[in-house]
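K.L.:
As a plain string of letters, each chain reads:
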Amino acid sequence: MSTISRLMLAICAVCLASGAMGRAGDGALDIILSPHNGQPSLVRPGAAFEAVLTKQTPLKLAGEDGTKTMAVEWEARPDGRYVATCHLPDEIAPGVYALEAEREGEGERDRNERALHVKESFPEVYLVAHIADPAIGGGGDLEESLGLFEEIAAEIDEANADLVLITGELTANETEEEYGAFLDALEALPMPTFVCPSLSEEGARYFGPTPYAFWYGEDAYLSFDGTATNLAPPWEPAESLHYRLRREIKPARWAIGFANRYSQDFPMHSQINLFVDDPLDLLISGPWEMELVDEEGEEMEPALPWGRTPVAITPPASEGAYRFVEVSSSEARPRAPESVIEGVNDDTNDTAED
Amino acid sequence: MNILLPVILSLAVAGAEGELAYLVGSQAATRQVCVVDVESGDVRELGPGGGDGPPVWGPDGEWLAFETEDGEGVGIYVVRADGFEGVMLETEASHNRLPQWAPDGERIAYSAGEGLARQIRVHDRATGEETVWGGGREGLLTVRWMSDDELLATGLTGTPGRNLSSDLYRVTEDAAEPIPVGEDSEGRYFEWAPAPNPANPDMIAFESNDGGFRDIFIASEDRGLVNVSNHRRADWNPAWSPDGEWIAFESFREERRGIFRVYPETMRVHEVAVSGTYENWAPAWAPDGERVAFVSNRDGAPRIFVSGVEGEDAEPVTQADQPATHPAWRPEDSQ
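Those protein sequences? They're chains A and B, same order as listed.
The opening position of the first sequence corresponds to residue 117 in the numbering used here, with each subsequent residue numbered one higher.
The opening position of the second sequence corresponds to residue 104 in the numbering used here, with each subsequent residue numbered one higher.
Pulled out of the complex, with its shape left as it was, chain B reads as follows (with noise of 0.2 Å):
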């Protein structure tokens, strides 16, 4: 797809800059990846629109890469973040999910397959190959880059019905191991979400149920297992801060769905966007660490606001008529 690029609104954020790739549609099976610039307001469609997925930026931002709907199954499309060169990569599975780019910027990994019996795949753009990574393991649902070898995922350990729980997993194109986070904790907790500290890539953030309730944790070699956000409402989806310093997440502290911040080192908790009569989520920190594009129903359906990190000067940057989510900064470099 790369004919279009219409310009459709403006909606500028005084003194901002940078562009958001987003999500826009009320129905799945018409959602399609824009991307807006925050300063002008101009939006650009990029995705084919047919059931897009969230989208991703590509390391240089000179890319993005989603899900999107591809006849019966679901395929993994890219393209340049002006719009041209989309292409559908060549898969073997009829389902791909989830995909996010290595650090080399060449190579894209993604959930392929149908159903819990997932596998995590490879695709080189360079060679135009797609290889089957974690020695063929199956159960892998989610994946997140460590480093150019390696992969965290989550990986799903015991059996569908009976004691099925899901495990940090180390994925290397040739095996996949469990990540001990904290003592007999194998198939004992449900933990999601992971997210490699962006400084400090064996540092991981994630959500469990140890302890009762669905916190985040941080799993590192020199401090162990700790839990850094410790409430009794859940928290959900961490995401850390480009200088991996703080933690955002969406927490029900106060009943509705809302976005806080931890920094780890002493655990405490800020507030970002939070109300107790509508809905924040969807944390993602622009390049420069000091602000916040989130999702938000404050007007009925979901918009995308930018604020300072403390939630100061929210703005929309997305039409009130126009259901916008999984906004994803580009990245400072190509700007």
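Here chain A stands alone, though its shape is the one from the complex (with noise of 0.2 Å):
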């Protein structure tokens, strides 16, 4: 063989390894930007679900039974992604599948792990669990950082939660090596797992942008950067973007937010609709920085400065933390958090709603 034929060689087994596989490689989306792992689609069978691409690549599922092809009706966007409406068959069994991307014999490949969850029924009461800041690899030490989340979704999944909402600092360095450890951890988790990221570009690359929202039956969940400034990417249209979701979401039963956190600089025309002008029901946080006094200078319990909308501010899972939410007709009632570490369950950072 020569040593041009063993280059090519070389580069086509480095493709196939790295980008080419997406959660296969290196672990940052790739072919397949949406649905995923921390943002999946809830279908029931026969309906329908979008998935976004970076190439028009054909798509199948991968569920315990084998795959499943799909009819998909394909949309170019002027960013240059494609928009797939993929319509589920109606004799789909109910579980969790993968999504692939697979164009052969052209080396396109990509697969997004419980990307999907199809489900029969949605219940009207069901428990939500938030993990907030599990900042893997924090204090230098991956394995104890890792084994302490493995020990909150031990405890979710023995609660028998219905779905998991994850924000702010996934990982402490950012690192390739702490995000495949956090993308592995998140396979404890056999329910729905949705993940706000602290802004930043390796965050977006692991889970795609924010904000998104998603619907749980009945009720939504709005996704939102909470300290993203009017100067911060995706630039002004996030405020659009939070319009638009709010309205979409507006028929809810529930209309509930969750973010990495909050912050006062947050774009004002955002603050306005979410928390003034069409509240949302409840924002799930994780912990903020700020301080709010009373007019005697008296700390006060967290709450958004305006608006009425409540707030559950969980204290950071790289501590042990985690909380519950319970959903039902009459309320969305945050519980007290939890710890994995004995003797710590209700810290600081507490709300007004326990």
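Hints in this document: simulated from the structure, not taken from any laboratory.
Some hints could be false.
[What the hints assert, rightly or not] Some, not all, of what chain B presents toward chain A, calculated at C-beta under 8 Å:
| no. | residue |
| --- | --- |
| 1 | Q203 |
| 2 | P206 |
| 3 | L219 |
| 4 | G264 |
| 5 | W295 |
| 6 | G314 |
| 7 | R317 |
| 8 | H334 |
| 9 | W339 |
| 10 | R360 |
| 11 | Y366 |
| 12 | E382 |
| 13 | R401 |
| 14 | G403 |
[As the list claims (entries may be wrong)] Here are the simulated lysine to any residue pairs, SDA-like style, with alpha carbons at most 25 Å apart:
| no. | chain 1 | residue 1 | chain 2 | residue 2 |
| --- | --- | --- | --- | --- |
| 15 | A | K366 | B | S268 |
| 16 | A | K235 | A | L258 |
| 17 | A | K366 | B | G264 |
| 18 | A | K366 | B | R359 |
| 19 | A | K366 | B | H334 |
Here a beta-carbon is modelled for each residue, glycine too, at the ideal position from N, C-alpha and C.
With the hints as a guide, bring both chains together as one complex.
P.N.:
Following this line, the structure appears as structure tokens:
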């Protein structure tokens, strides 16, 4: 074999082992930008879901009983992305599916695990778990932080939570190794997991941009970066997206926001929209850095400065904490924070809802 | 920063003239103020480029001011339109935002401080002195000049976390007094984005949720409070035309954020830049009132376009691969 042939083979091998494989390679999103295991689609049999891709590549679902093909309608967007409207067969079995994109013979292949949760129905009463700032790799000890996360995941799984929201600093140093460990750890959570990373290019590379919204039965959830300022990416259109997403979820029984945290520099029209003019029913957030004081200068319970959206602030998972929220037709009620570390369960940054 | 001024590109708009300042960059930390000559398409870089904010022209069009990141804080940067003599104003607070030039072109007002405890301060460029306005009242978040002696501000009322709302305030050096904009309106509705009419500064356009939906209102002594946009979808960010006859504003009435204009006398609304598939925002009237600059993401990233006031002859004035926002026309007298 000539040197050039060997070089070409090596290049092909590298391509197959990394970018072309997406989640199977360096772990970052590749051809399929959504859905994925940090922003899955929740659908009933026979319904449709949307996938966003960088290339118009044939799609199929992979589940326990093999692969399923779907009827797909394609639309090209001005930003160069492709939107695939995928119609599920009526007879598809409920369960969890991976979404695969593959053009045979051209080396274009990608697979997003746990991208689709097919459900016959959604419960009226259910349990949401919130994990804030897992910061995998924090303290310079990947194994320790991972162990803490896995303990939290085990307790959430044991409690039969229906849905998990993960916000904030997913990794401490945003390395490929830390993101890989976090993605592996997500597999311990069999229920749908929705991720709202703190503003970072790496976070978006692995879990896509915020804001986004999804429905869980009659309820809707809006994920947003509460620290994004007017001048932060994706520029001012973020305000438009907040408005449009809020309108889309207006018919929901409960409209619940979840954010990495909240800053008073969050775009003002977004604040007016989400907290004042059309207030969310609950905001679930990671820890805030700001403090509020009353007229006498006394420290107040964390609350949004304006509007009437109640807030549940969950202490960081890097300290062993997490929280459940009970959702029913009468309320979306945050429970007191829990902790996998003995003796720690109702720390600071609690909520007025508790 | 007075050493650059490279010509970056040429994207001319035939038959148009004037200059637009704007922000370039996809990341907040690297955004930079630039100026484009609309006719020739030539661009010059003006700002330090390390996190610049929206540019504001001085009344004579010879100077610009904008906020920019300054170490751990945010400072006010003032620079000549040719890019020379750039200087950071000396300020007491570490964070200073939203500069506005006084009609005399010598003083600059801005919102100083962090969080909600912000004050209005005025910097006199002739003396270098910074003065606290509004009698030191905190919670004054935005500022516009109504005259040489009076400012229009958005001020907070109530207690954070309990009943905080916003009202319009008339601010002098010694005091900040709420402007009544309807019966028992104080602290009741959330008012934002006030803009004094350039032909009659006592006539104020602003947005409010008075009436249930966010709409554009006008408050004036002779007409009282009038909802001039009145739509079930949100209407934002009023901008008066230079002659004070029209108001451009942003609205979601066609689902995507689009630009409309209303003639307050009849409250008739006209489209300027509207689409059901992409966004148009940040309308800026040209000094002649015949054209409007705005931002559109019709090509993906935000890009600045110039069109007639009915949206006709829309042409891009910035490149498709350089995210550009916050257009501001250079005042006519200087050109």
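K.L.:
Next step is simple, just say for each hint if it's right about the structure.
P.N.:
Right, here's what the structure says about each hint:
Here the hint on B/Q203 is broken, as its CB sits about 16 Å from the closest CB of chain A, past 8 Å. At its closest, the beta carbon of B/P206 sits 26 Å from a beta carbon of chain A; the interface hint therefore is violated under the 8 Å criterion. A least Cβ separation of about 6 Å between B/L219 and chain A falls short of the 8 Å threshold, and the interface hint therefore holds. Annotation: B/G264 was flagged as interfacial toward chain A, and the flag holds, the nearest CB pair being 3 Å apart, inside 8 Å.
The criterion of a C-beta within 8 Å of any C-beta in chain A is met by B/W295, whose closest approach is roughly 6 Å, and the hint holds. With 8 Å as the threshold, the beta carbon of B/G314 stays out of range of chain A, its nearest partner Cβ sitting at about 11 Å, so the hint is violated. With a least beta-carbon distance of about 5 Å to chain A, the hint placing B/R317 at the interface is held under the 8 Å criterion. The beta carbon of B/H334 comes no nearer than 13 Å to any beta carbon in chain A, farther than 8 Å, and the hint placing it at the interface is violated.
The criterion of a C-beta within 8 Å of any C-beta in chain A is met by B/W339, whose closest approach is roughly 6 Å, and the hint holds. Given hint, B/R360 at the interface with chain A, holds; its Cβ is 4 Å from that chain's nearest Cβ, closer than 8 Å. Of the supplied interface hints, the one on B/Y366 is violated, with its beta-carbon coming no nearer than about 24 Å to a beta-carbon of chain A, more than 8 Å. Residue-level restraint check for B/E382 holds (minimum Cβ-Cβ distance to chain A is 5 Å; threshold 8 Å).
Of the supplied interface hints, the one on B/R401 holds, with its beta-carbon coming within about 7 Å of a beta-carbon of chain A, less than 8 Å. The closest approach between the C-beta of B/G403 and any C-beta of chain A is roughly 4 Å, which is under the 8 Å cut-off, so the hint is satisfied. Of the supplied pair hints, the one linking A/K366 and B/S268 holds, its CA atoms being roughly 23 Å apart against a limit of 25 Å. Of the supplied pair hints, the one linking A/K235 and A/L258 is violated, its CA atoms being roughly 35 Å apart against a limit of 25 Å.
Restraint check for A/K366 and B/G264: the C-alpha separation of about 24 Å stays at or below 25 Å, so the hint holds. A hinted pair counts as satisfied when its Cα atoms are at most 25 Å apart, and A/K366 with B/R359 qualifies at roughly 16 Å. Between A/K366 and B/H334 the CA atoms are separated by roughly 17 Å; this keeps the pair inside 25 Å, and the hint holds.
Figure legend: structure checked against the earlier numbered hints; hints not met, in rising order: 1, 2, 6, 8, 11, 16.
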